[in-house]
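Chemist: With the hints as constraints, model all of the structure from the sequences given.
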Amino acid sequence: MLTLPLEAQQIQRVKTLAREIAAQVQDFIDLHSSDSSERTVLRLYGVDGVTEDGIPLPNRLVELLRESRLIESGISRPFAKAMIKTGLGASETAKALHEGKVRFSELGSIHPELVQKKEQELCKKAIGILDRTRLVKREKAQKFGNPEYPWRYLIVASGNIFEDRTQARSAAFSGADVIAVIRSTAQSLLDYIPYGATTEGFGGTYATQENFRIMRQALDEVSQDLNRYIRLTNYSSGLCMAEIAACAAIEDLDMLLNDSMYGILFRDINMKRTFVDQYFSRMICGRAKIVINTGEDNYLTTSDAIDKAYTVTASQLINEAMGHNALLSDNLLGLGHAFEINPKIKNQLLYEISHAQLARQLFPDAPLKYMPATKHKSTDIFYSHVMDTLFNLVTIATRQGIHLAGMATEAIHTPLMQDRYKSLANTNYVFNAAADFGSEFQIRPDGFIAKRAQEVLDQAEACLIKVHEVGLMQAISEGQFADTYRSQNGGKGLLGVFTKSQDYSNPILAQIKAEGMME
Amino acid sequence: MSDNLIKPYGDTLNDGLVQLSFTLPIEASARARKAAEAYVAKLNFEEISVTHYKKIADGFTYFVVYARAIPVLDYNLIQAQEVESKGMDFYEINKQIAEKFGRKLTVVGATIGTDAHTVGIDAIMNMKGWDGNYGLERYPELNAYNMGAQIPCETLLAKAIEVKADAVLVSQTVTQKDSHIRNFTEFMELVEAENLRKNFILLIGGPRITNEMAIEMGYDAGFGPGTKPSNVAEYILSRLMEKQGISR
Ligand code: B12
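Top to bottom, those sequences are chains A and B.
Going letter by letter, the first sequence gives residues 0 to 518 in numbering that gives the first Met the number 0.
Going letter by letter, the second sequence gives residues 0 to 247 in numbering that gives the first Met the number 0.
Derived by calculation from the structure, the hints in this document are not laboratory data.
Just so you know, even glycine gets a beta-carbon here, dropped at the ideal spot from N, CA and C.
Do not take every clue at face value.
As the list claims (entries may be wrong) - Examples of chain B residues lying across from chain A (beta carbon under 10 Å, computed):
1) A40
2) A56
3) G58
4) F59
5) Y61
6) Y65
7) R67
8) A68
9) P70
10) T113
11) D121
12) I180
13) R207
14) T209
Modeler: Here is the structure:
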């Protein structure tokens, strides 16, 4: 069995550091909420639909609440009052508020007990959504069985949900276990979720609840046909992190890319905003048993994959701790990393094995999300295909959890149907040919791989000590991750963050927290 | 008759051998194989051999085909406009700027639109540079401003005006549905609407960018994969000299 001679004490130390770093961020999170977190509450309370101008009702309502200067207490209570006042359902009440038939500022006095009862009723429905999808997923796993790790994860990105569906069916036919629908360029910067089925995206397809539903239905049919559980992934990131998590839970998605650090560093989303939203989104994921994927792999596209390998490790540790704070169990932590070392480097393969095995041993129960080479992929597709063969070998040798299949055409375009087929043919071949590779070999304790892993872990520890000293937010401002500098009050979305008042109410969050991690 | 007629080369001159792979939206079968052969014939190939075909989804078949291309091409008729480079280095470029202009030149760069890719523009502009070749920020004779990615055209132009830029560098990586063309065009229209085209050298770059494309859209030059910062600095130097009638 491949095993690195790591010291248990050092692992303990880095985990403690990460826990304390996450706790500092959590202190900030607990005092704040955001527009998008409030919109999430509305979505789980059943508010759906858009205004005549195409503005989603949850956005419209939060805007109205802000105009009434009542946002600091959260939207749950005023919305419950409005429902009592109209006597209508959630979406109908939302419409009445939008049309001005009822106003947040003129709800009058309703007995607090009545309001609380209404809130509890709404909360029960919301939690019901999360509990239902958890059971649906469990049933599917029981019915079809779970594939053995590593799961083959394939992306579709045509921009048109109906073409995506065709592409996804094809990928499943060739052996995919997970389908990820890549999001359209810049959706993460939209402060609302687009509505309905969409056919026009750039570099990906818009994440909308209807698109989720369409793809879920298609994959459920494919699961039946192939008698395998085909999982579905999308993106809970950007300015609508928690809202997307709610839509994903409603539509039975299995995984979500969910990582504040990606939004901060690569999309310039304000860090305060996204930490707050991430917490709520992860609480939803934990309850709904949605596996999260974190985005550490991306760091290695802007900084060097050898020099900065430790930033991946440090960030994984922090993400694990933040995940635990949001009640995610280990089997939901798809911590990210990648095969991104320059292929011109001598012994690239040994470095990659070292890094991959380090992640494996630091997080033994997490379904690690392992990404293929991207930045150094060549436009010579044949060369790139060979790079993926080595990547596949490292995945199977070090038993990664979620294997994002590499594309020979990575440096050219988003994958074509035949690109996916060739990638899976390669993956299937290597996973079979080297099935027990990892259990037949041992790592030399004094060799290159072991020494390299120790070096990375030492650097990660030093990095965590630094981050611990100044706090995560400050560390990000100082460019500790991805060689990218982001200030605490810079980036997009800060205006949507607010300090909770004494009487703030979000019963969904409160109940998930009170009931703890779910089996 | 031209003495420079060419065809693809396999292992014998003028054998015209080409490898193709593609997918047809039909169920895999002997008939599908025949269809692939017939289709490749329509593309002007002969001696077509479908060496591999496989079902890759219900109603979709993937093919690998070898065939001989029929057309010949007169290579003498082909022209391409590449950006000329004398391969000047960092020191020489700085020296020339100092000598010929007696002032620092100013350069502003950004990735425009919703494109979030910074690695390309950073490779050209950041201190560290690319592949051992220093970036423009490192040039003592250049004032370089790298605005990063996701920059609206208006913001880039405003900055160029503010710092009196000599050259503006625009990067685009995402090309799906021609979004790069749209963004480059938008920026150019904005510059022209403000009557500022003459004020700047305008350069574009990115993995799918060619010099021809740039010229077609009214830019001075375009730079593709493998561009080194010194190529860009040298171009700015010589183009500016040309514009201002400064002799070499
Ligand atoms: C790194 C990367 C990312 C990183 C970017 C990090 C960052 N801060 O830049 C992250 C992970 C964030 C990312 C995100 C996305 N990406 Co991306 N990404 C890449 C990747 C792997 C490498 C690109 C790169 O850095 N190359 C290295 C640089 C140095 O090369 P370069 O850009 O060509 O630059 C050189 C020259 O072109 C030139 N140059 C470049 N610009 C300029 C400008 C001027 C003026 C001059 C003179 C020269 C010049 O000089 C440079 C040095 O030689 C490519 C795949 C690949 N291997 O190419 C995909 C790729 C570019 N991405 C792609 C896509 C679709 C996306 C997303 C839209 C996916 C999504 N739906 O979310 C998002 C983009 C979101 C957005 N709003 O833009 C596609 C683009 C497809 C297409 N043709 O349209 C690619 C090809 C991957 C794929 N096969 O699907 N990506």
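Chemist: Run every hint past the structure and note whether it holds.
Modeler: Here is how each hint holds up against the structure:
Annotation: A40 (chain B) was flagged as interfacial toward chain A, and the flag is violated, the nearest CB pair being 21 Å apart, outside 10 Å. The interface hint given for A56 (chain B) is met, as the beta carbon of that residue sits about 3 Å from the closest beta carbon of chain A, less than 10 Å. Checking G58 (chain B) against chain A: minimum C-beta separation of about 9 Å stays under 10 Å; hint holds. Against a cut-off of 10 Å between C-beta atoms, the interface hint on F59 (chain B) holds, since the closest Cβ of chain A lies about 6 Å away.
For Y61 (chain B), the shortest C-beta to C-beta distance to chain A is roughly 5 Å, which falls under 10 Å, so the interface hint holds. A cut of 10 Å between beta carbons decides the hint on Y65 (chain B): the least distance to chain A is about 15 Å, and the hint is violated. Using the Cβ-Cβ criterion of 10 Å, the hint placing R67 (chain B) at the interface with chain A is not satisfied: the shortest such distance is roughly 21 Å. The interface hint given for A68 (chain B) is broken, as the beta carbon of that residue sits about 20 Å from the closest beta carbon of chain A, more than 10 Å.
This hint is violated: P70 (chain B) has a C-beta 24 Å from the nearest C-beta of chain A, more than the 10 Å allowed. Hint status for T113 (chain B) relative to chain A: holds, with the closest Cβ pair at about 3 Å, below 10 Å. Because the smallest distance between the Cβ of D121 (chain B) and any Cβ of chain A comes to about 8 Å, under 10 Å, the interface hint for this residue holds. The criterion of a C-beta within 10 Å of any C-beta in chain A is not met by I180 (chain B), whose closest approach is roughly 12 Å, and the hint is violated.
Residue-level restraint check for R207 (chain B) holds (minimum Cβ-Cβ distance to chain A is 9 Å; threshold 10 Å). Of the supplied interface hints, the one on T209 (chain B) is violated, with its beta-carbon coming no nearer than about 14 Å to a beta-carbon of chain A, more than 10 Å.
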